[in-house]
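Undergrad: Please model the entire structure based on the sequences and the hints provided.
First to last, the sequence lines map onto chains A and B. Mapping to the numbering used here: the first sequence position 603 is 603, numbers consecutive. Mapping to the numbering used here: the second sequence position 308 is 308, numbers consecutive.
Treat each hint with caution, since some may be false.
One copy or two, it doesn't matter: identical chains are merged, so the pair holds either way.
[Stated by the list, open to error] 20 Å max Cα-Cα, derived SDA-like pairs, lysine to any residue:
(1) Lys107 to Tyr265
(2) Lys545 to Thr831
(3) Lys88 to Gln108
(4) Lys107 to Arg315
(5) Lys935 to Trp964
(6) Lys88 to Arg114
(7) Lys532 to Gln659
(8) Lys312 to Gln108
(9) Lys521 to Glu830
(10) Lys312 to Asn110
Note that these hints are calculated values from the structure, not bench results.
Number of protein chains: 2
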Amino acid sequence: MAVRAVLCVLLGLHCSVFCSPVPRVSVCGYESCPATKPKMLNVHLVPHTHDDVGWLKTVDQYYYGGRNDIQHAGVQYILDSVVAALQKDPARRFIYVETAFFYRWWKQQNPSTRRVVTQLVEQGRLEFINGGWCMSDEATTHYSAVIDQMTLGLRFLNDTFGECGRPRVAWHIDPFGHAREHASLFAQMGFDGFFFGRLDYQDKARRMKAREMEMVWRASQSLKPPAADLFTGVLPNGYNPPPGFCWDQSCSDAPVQDDPDLDDYNVDMLVATFLNIASAQAQVYKTNHIVMTMGSDFQYENANLWYKNMDKLIRYVNAQQANGSVVNVLYSTPSCYLQELHLANLTWPLKTDDFFPYADDAHDFWTGYFTSRPALKRYERLSNSLLQTCNQLEVLGGAKSRSGPFGEGHSDTMKRAMAVAQHHDAVSGTERQHVAYDYAKRLATGWAHCQVLVRNSLAVLSGSDVPRVFCENLNISVCPLTEGSKKFSMNVYNPLARVVTWSVRLPVNGTSYSVTDSNGKEMDSQVIPVSKATQDLRRDRGYAKYELVFEVQAPPMGYTTYSVTLLKAHPARAPTTPKAPASMQNKYLKVTFDPATGLLSGLTNLETQQSIQLTQNFYWYNASGGDAESRQASGAYIFRPNSSTPISINQNPNISTLQNSVVQEVRQQFSPWVSQVVRLYNGSRELELEWTVGPVPVADGLGKEVITRLDSNISSAGYFYTDSNGREVMERRKDYRPTWDLKQTEPIAGNYYPINSRAFIKDGRNQMTVVTDRSQGVSSIYNGSLEIMLHRRLLHDDVRGVEEPLSEPGEFADGLVVRGRLLVMLTPPETAADMHRPLAQGMVLQPMLSFQEGALPRNAKLEFSGLQAALPPAVHLLTVSQWSNDSVLLRLEHQYESSESKTYSLPVTVNLQKLFSTLEIVGVSEMSLGANQWKEDMKRLQWKPSTGDDMKPVGGGLGDPTPWEITLQPMEIRTFLLRVQRR
Amino acid sequence: MAVRAVLCVLLGLHCSVFCSPVPRVSVCGYESCPATKPKMLNVHLVPHTHDDVGWLKTVDQYYYGGRNDIQHAGVQYILDSVVAALQKDPARRFIYVETAFFYRWWKQQNPSTRRVVTQLVEQGRLEFINGGWCMSDEATTHYSAVIDQMTLGLRFLNDTFGECGRPRVAWHIDPFGHAREHASLFAQMGFDGFFFGRLDYQDKARRMKAREMEMVWRASQSLKPPAADLFTGVLPNGYNPPPGFCWDQSCSDAPVQDDPDLDDYNVDMLVATFLNIASAQAQVYKTNHIVMTMGSDFQYENANLWYKNMDKLIRYVNAQQANGSVVNVLYSTPSCYLQELHLANLTWPLKTDDFFPYADDAHDFWTGYFTSRPALKRYERLSNSLLQTCNQLEVLGGAKSRSGPFGEGHSDTMKRAMAVAQHHDAVSGTERQHVAYDYAKRLATGWAHCQVLVRNSLAVLSGSDVPRVFCENLNISVCPLTEGSKKFSMNVYNPLARVVTWSVRLPVNGTSYSVTDSNGKEMDSQVIPVSKATQDLRRDRGYAKYELVFEVQAPPMGYTTYSVTLLKAHPARAPTTPKAPASMQNKYLKVTFDPATGLLSGLTNLETQQSIQLTQNFYWYNASGGDAESRQASGAYIFRPNSSTPISINQNPNISTLQNSVVQEVRQQFSPWVSQVVRLYNGSRELELEWTVGPVPVADGLGKEVITRLDSNISSAGYFYTDSNGREVMERRKDYRPTWDLKQTEPIAGNYYPINSRAFIKDGRNQMTVVTDRSQGVSSIYNGSLEIMLHRRLLHDDVRGVEEPLSEPGEFADGLVVRGRLLVMLTPPETAADMHRPLAQGMVLQPMLSFQEGALPRNAKLEFSGLQAALPPAVHLLTVSQWSNDSVLLRLEHQYESSESKTYSLPVTVNLQKLFSTLEIVGVSEMSLGANQWKEDMKRLQWKPSTGDDMKPVGGGLGDPTPWEITLQPMEIRTFLLRVQRR
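TA: Given below as structure tokens:
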């Protein structure tokens with residue numbers, strides 16, 4: 001591709017992604033795989049370590065081996081030790097997975113060790129697998145952050161080791177259930193196969209019996225196969241070695257004791273046991289190759305123990321071949337095992353649904369973590385928005401963004417913090433409390449560094465060096481500048497590629513303000529009282545009596561500026577009234593209330609003239625502490641209510657109401673720890689439910705899992721819909737699994753599924769869609785009903801290793817209070833996506849507000865867009881990020897599925913040369929989704945499903961009109977490396 | 001020395017002890033020590049591991065790392081790991097101590113690893129310290145077995161590494177108190193210094209204050225200084241690192257976290273802490289050198305953790321020198337530290353007593369293990385006797401001993417089993433039950449191999465191949481051959497160097513036998529009924545109704561043969577009478593009994609016409625389970641009675657009596673679990689008390705520590721005397737310590753001391769000496785009283801790591817029954833040693849009986865002595881052991897102290913050429929006691945005590961009349977390597 005050739009010459013850097021790798025004298029990848037014996041059962045031993053990027057300890061504690069009193073684990077030693085052990089015998093292999101750790105370690109190595117490691121990698125003896133910064137959670141992560149964290153890790157490997165550092169296999173051995181969207185992303189990243197360890201125990205039993213432990217996962221309903229087909233294998237023992245063969249320092253299995261002069265000689269017994277295990281395992285897999293994961297959590301800190309004993313095992317087991325044994329054991333890797341499966345040239349069962357929810361026993365559904373630590377889940381999501389904004393402003397502001405009037409700023413810390421937060425014990429909420437704090441601290445530190453960059457960039461773009469502050473506590477009406485200022489301006493940066501309208505609420509103490517937009521036009525604004533719930537929540541962090549509410553609109557990938565001036569103190573507006581209105585409405589929506597209770601009673605879409613009955617309330621499930629049926633308690637991972645009937649908090653909340661030209665609110669106080677604002681902005685097509693839950697009381701000795709439930713007259717008949725990692729939508733059905741005959745043992749927990757951004761129920765006429773601001777657990781237990789778990793506070797550990805009950809102390813140690821928003825829409829099913837797709841992207845990438853005290857600076861540029869024009873509605877600007885001095889990583893995404901929108905589920909073309917307003921694209925080269933391979937070099941192993949179409953590979957971009965005009969198919973993400981010049 | 005030169009040429013083998021080592025290009029020993037800084041405080045970090053030769057796991061389990069569920073420990077990995085770590089940096093040092101493990105490891109290494117290790121040893125980077133097969137217990141071991149185990153370990157090191165493998169320093173970091181005799185032996189083995197970790201907490205406090213942590217220990221009252229002077233140092237932290245600096249995988253201290261980009265950076269804090277610790281430690285030691293033991297139990301399995309962090313510690317602490325710090329940290333070894341102390345050229349406090357008993361807190365006296373596992377203690381002692389016999393017969397029988405008519409026999413297994421049994425958690429009784437079984441099994445296996453050798457040797461010597469059986473259960477009257485035979489012969493082998501008379505009791509079913517000696521002379525023999533206690537004890541292992549009792553006499557280091565023939569069945573003798581006699585007596589002793597109770601009431605020495613009142617009974621201390629004063633319970637290590645008054649078992653035992661021409665017995669049954677035979681043989685000068693204790697009942701919930709107490713009218717005034725490892729005698733005094741002002745906190749346990757072979761009390765006229773058959777705890781709580789703890793059965797663990805209460809199950813799982821003997825003598829104090837010295841040696845090296853069925857073989861040699869004549873009474877033949885094909889190790893010992901016997905405490909000369917009857921000595925070379933150095937090369941560092949004589953070194957053998965005639969001074973042991981030819 002010409003564009004790429006130009007880039008290579010121009011960039012001339014060591015980045016081997018960007019330029020064609022210089023051929024090296026190395027045999028890595030499949031060519032480096034060990035010989036196997038075709039007539040024998042080949043047992044692939046895969047030495048590996050599973051290194052959680054934070055869990056019981058922080059990522060840095062795990063790296064160094066600090067706080068070994070909590071858990072013995074020190075990754076620095078693992079890598080030291082494995083490198084030493086690999087050097088001792090070229091037959092030995094090891095895989096490494098988590099780049100967050102490898103990066104820390106590599107930084108500290110001297111050139112000689114680096115040379116040794118490079119050689120091991122180039123000979124395939126040390127192989128990187130998966131290769132992301134972490135092994136992401138699959139239930140609670142948003143696809144954009146997953147792509148980012150994979151890109152960060154893969155880039156480090158590519159920069160460091162070139163092609164030999166490119167992982168061939170995705171490896172999610174520990175995450176607690178598996179999302180179809182993850183599989184789709186892995187396929188688009190170029191992985192040849194995927195292995196995992198955890199799936200529903202019923203599913204596993206069936207698959208073992210049917211020899212369906214390995215399959216082709218068709219992971220998208222929109223992308224043309226095999227673009228999202230991923231060969232997927234279930235590992236035999238989770239990710240542990242077979243029983244009796246764990247030789248890590250953390251294990252107590254007998255070593256190979258092969259000196260007949262010493263007591264406890266056990267070679268014959270061990271060989272016999274191993275042969276039995278191998279033979280049994282071969283019965284549930286299809287080929288004459290089987291895999292055994294020889295390692296586990298933080299193992300190989302003393303690799304000698306493992307390798308010394310495996311060396312002996314291999315020697316003694318293979319020695320039996322002379323006596324007629326047909327078992328051949330060898331050191332291997334997942335990719336070498338995968339290659340053998342591919343060479344077997346079989347057909348494989350087709351999988352089209354996902355692996356949620358995960359249960360490892362009848363009463364052990366890992367569906368609690370969909371909601372665990374809701375504040376962390378929200379902060380992670382918010383941080384993603386801030387990082388995308390930071391990335392965009394780094395590109396838009398140029399070099400001065402990093403080093404400008406406000407000092408040195410950068411996005412690296414934020415990128416790493418966000419990448420770490422994707423870990424399957426991070427945003428999942430399944431870490432210890434102090435580790436959760438550490439994740440949050442990392443994000444905060446990352447944001448602090450980004451803030452400098454953002455200030456610099458906005459200074460460049462606006463021409464104003466006036467100090468700029470950010471108010472991170474607007475959700476509890478705290479912002480010292482707006483509270484005290486008589487005149488200030490507000491910059492609204494919009495990271496989306498289209499104009500966005502949004503309502504802002506600023507804490508103030510005046511009773512009347514003038515708000516003008518960047519053209520000086522006066523906006524409609526209203527001052528309303530701060531709610532009691534918010535006052536309680538903010539405690540002494542702020543004292544604003546009022547909120548100034550008005551609607552703002554910002555240009556695509558750009559900002560605009562509003563001026564706010566305190567008017568002469570008008571008398572305070574009429575206070576709220578203590579009673580719900582019969583209804584509130586704007587031109588789009590009508591919301592009705594039960595006059596007796598003040599609760600919602602109905603919703604009408606005034607545009608479509610459709611109407612549903614809709615009630616909504618809050619309940620809590622009483623968390624089981626274990627019972628006669630099972631000792632399993634609810635915990636960070638596991639949701640297990642002790643009754644299927646949740647307890648209502650209050651059917652008659654205290655009500656206060658306000659209505660003005662900008663906003664209408666019904667404020668509902670259900671209890672000291674549950675309140676809600678039902679809010680309708682003047683310009684909104686959706687109803688906002690702002691809930692506040694906490695501190696959840698547990699003095700009664702009962703753990704509580706708080707839900708809100710929307711009950712409608714929609715005939716949903718047990719079906720409901722959830723998004724997968726914020727992208728494609730999965731159909732769910734109560735007490736049902738598409739691929740096996742479910743025996744339902746937990747009527748509530750066994751019906752929970754994760755959502756990242758939305759859920760809906762529908763019938764022929766009505767679809768009620770709820771868009772959420774963070775990942776949560778959701779279900780539909782009753783016809784027409786949708787319940788969302790909001791918060792959890794528990795008194796027991798669920799015995800999955802955390803050894804801490806999930807009981808977040810909160811800021812004042814009386815229990816964590818969490819506030820969030822649900823956006824509720826009523827539409828016909830056929831046009832629902834047209835509304836929820838952009839709305840959900842707006843929740844993910846929200847406007848960034850910043851404030852400057854005083855009057856607008858003279859000559860300041862009050863409005864700016866980085867795009868020449870808004871992108872087409874179907875196109876989402878997923879990534880704009882500085883890659884090197886002269887290059888930018890761009891990802892464009894078609895945000896509709898192939899059949900969900902009559903209007904938008906169509907191919908759409910973008911002309912890259914007409915994309916940016918201030919940057920000229922002088923070169924473009926398409927890459928794999930993980931940005932570690934040229935798209936044209938991405939040649940994945942192809943697998944034949946036993947059912948479904950046998951598709952030929954379809955190259956990306958084949959349908960592009962010109963190299964600059966690229967076409968996106970529904971749900972397609974395309975990744976480009978651009979060489980740019982400032983116009 | 002000419003003799004030696006001849007030997008060297010003739011032997012021409014790789015054994016570098018035997019021939020002058022060829023100079024090697026190596027810098028080991030003191031020359032290899034790291035540079036220090038004279039103006040600074042030098043902190044010697046000593047990386048080390050403490051590898052128990054059995055404790056919670058068996059020695060083989062520890063070697064391989066089996067049963068890591070009990071304790072994580074695998075010595076194979078420690079050595080693998082340390083060797084790898086040492087190769088990474090020449091500054092790193094390591095010491096290794098336990099040859100039992102190193103030997104196992106070395107056997108499994110390939111030539112390339114052996115070369116690497118040899119180089120490390122030759123460069124002083126890996127240094128052997130102590131070097132015995134194990135680190136022996138000091139309280140419960142007999143000196144002869146200690147010398148043997150040291151010799152075994154040191155020889156392996158010498159054979160493998162030559163001079164560079166010779167340890168310079170003795171290192172007993174863990175034993176629970178320290179025996180003066182051990183120090184004496186170490187001095188005689190050529191050690192330059194000695195370090196240990198445990199001493200009484202009051203003693204330690206005083207020494208720290210007075211800066212007397214390091215001293216000169218004058219370890220013999222007889223040997224001329226400095227022959228038994230040993231520089232002795234108390235380590236600062238036991239054998240652990242200073243708090244906060246343990247970086248083993250088994251520890252949880254923070255690693256050095258030196259990446260400022262990561263959380264928990266702690267370099268500044270660690271450096272400051274370390275400097276404080278070093279400074280505080282320097283306050284209690286005398287020089288500008290201090291030592292820190294960087295390691296502990298089974299540490300360094302992953303040496304990288306330790307070294308990586310110590311490398312950093314050294315770097316960061318020494319970096320502070322640039323800022324004025326005067327602390328210099330370095331990798332070092334105990335010998336390098338010792339060298340610096342020596343170079344300091346100071347005088348050191350003089351120590352002449354010992355370090356018993358050991359208390360680590362006010363109620364935590366480690367005096368229980370003096371008696372713990374009395375059966376194992378006896379079996380170990382018996383095994384020593386068997387091994388010495390086996391060794392002698394290997395020499396006497398020649399090559400056919402190892403390979404003869406009864407197959408392949410050898411003493412190697414027995415030597416190693418005995419060496420292992422000396423470990424401070426073996427014969428000490430402080431191991432787990434399954435480990436105690438393993439020690440016993442090893443001894444039994446060793447004896448099985450020795451039995452073949454012994455059979456072969458006796459076949460050679462006697463000219464008879466008739467099968468020969470050994471009866472190992474004679475103590476419970478079980479011997480299938482004698483029980484069923486009508487005619488058999490008995491070989492009595494005497495390992496002592498003088499004629500010994502002994503009484504034998506053989507289980508029989510006939511009522512009358514003819515017994516003839518090797519000259520056909522009829523012996524007086526008697527048939528007596530087997531006691532009820534013995535019948536109960538043997539259960540169904542034997543059915544003899546009677547015991548045939550007669551006196552035997554065997555020649556020095558030789559055997560004689562007795563023939564036994566069943567006479568026509570006479571009617572059974574009169575049964576025992578159920579009442580004690582008023583007295584029983586022979587020509588030497590008169591023993592009186594209380595007619596009312598049948599208990600002892602007095603003892604008269606008829607030769608000296610001295611008489612004492614003497615009562616004796618059995619009691620038990622109620623073992624504490626912890627109380628309000630202290631939670632300390634009695635356990636395997638610790639003795640803590642919950643009252644100072646022991647509980648009497650029975651003041652009126654059931655009595656039965658028998659008296660005949662060979663033996664007189666009063667059989668006392670105190671309870672179902674305590675009985676005793678008070679036995680006087682016709683030819684004995686001592687009274688035998690054969691006690692049987694067990695199963696100790698604990699169903700009442702009370703742990704019991706069973707004693708026997710002898711109460712006399714001797715005015716002992718709080719003084720009593722105990723032997724040290726079976727050699728020199730220590731004066732003890734109730735509630736008193738010679739070197740500090742004792743605050744007595746445990747009136748019983750704090751007055752217990754170990755005995756190995758004897759204890760006595762005395763006044764101006766009378767000395768009552770008790771010789772025992774195994775190591776035990778002893779005290780004198782009352783005037784004229786001596787109490788000996790016989791057995792212990794406890795219900796609590798004493799929290800010193802065993803985690804198992806000491807409650808031996810015994811053969812039938814109802815609790816262990818133990819039987820033993822005490823020999824009681826009454827003499828004037830001035831002649832007591834003349835009697836107890838040979839008597840105790842006779843208890844240690846007892847005759848070995850073997851039996852052949854049927855008539856005496858024709859032409860068999862019925863009597864044999866390996867010596868030309870008995871050695872002088874003062875001389876004990878300590879070692880006669882094959883060293884190589886043509887060489888024999890000989891140790892001769894003067895068995896009297898310098899002032900204990902008017903008759904025998906004199907120099908005595910032995911002519912080596914006139915020693916053996918069948919072997920000609922063609923070369924002789926004197927060696928250090930450990931046989932790993934020529935005596936003439938043994939040049940120890942000399943140390944000046946601050947008090948006492950400042951002696952010049954005295955070479956051994958200076959007073960010898962000729963090279964063949966060697967003179968022994970009181971308590972001197974001389975070690976010779978002999979080249980021998982068969983005459």
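Undergrad: Take the hints in turn and mark each one as holding or not.
TA: Here's how the hints hold up against the structure:
no. : hint             : result
1   : Lys107 to Tyr265 : between (44 Å within a copy, 16 Å between copies)
2   : Lys545 to Thr831 : neither (41 Å within a copy, 106 Å between copies)
3   : Lys88 to Gln108  : between (22 Å within a copy, 16 Å between copies)
4   : Lys107 to Arg315 : between (37 Å within a copy, 19 Å between copies)
5   : Lys935 to Trp964 : within (15 Å within a copy, 93 Å between copies)
6   : Lys88 to Arg114  : both (17 Å within a copy, 15 Å between copies)
7   : Lys532 to Gln659 : within (17 Å within a copy, 105 Å between copies)
8   : Lys312 to Gln108 : between (33 Å within a copy, 13 Å between copies)
9   : Lys521 to Glu830 : neither (38 Å within a copy, 123 Å between copies)
10  : Lys312 to Asn110 : between (32 Å within a copy, 15 Å between copies)
Going down the numbered hints, you'll see the structure goes against 2 and 9, while the others check out.
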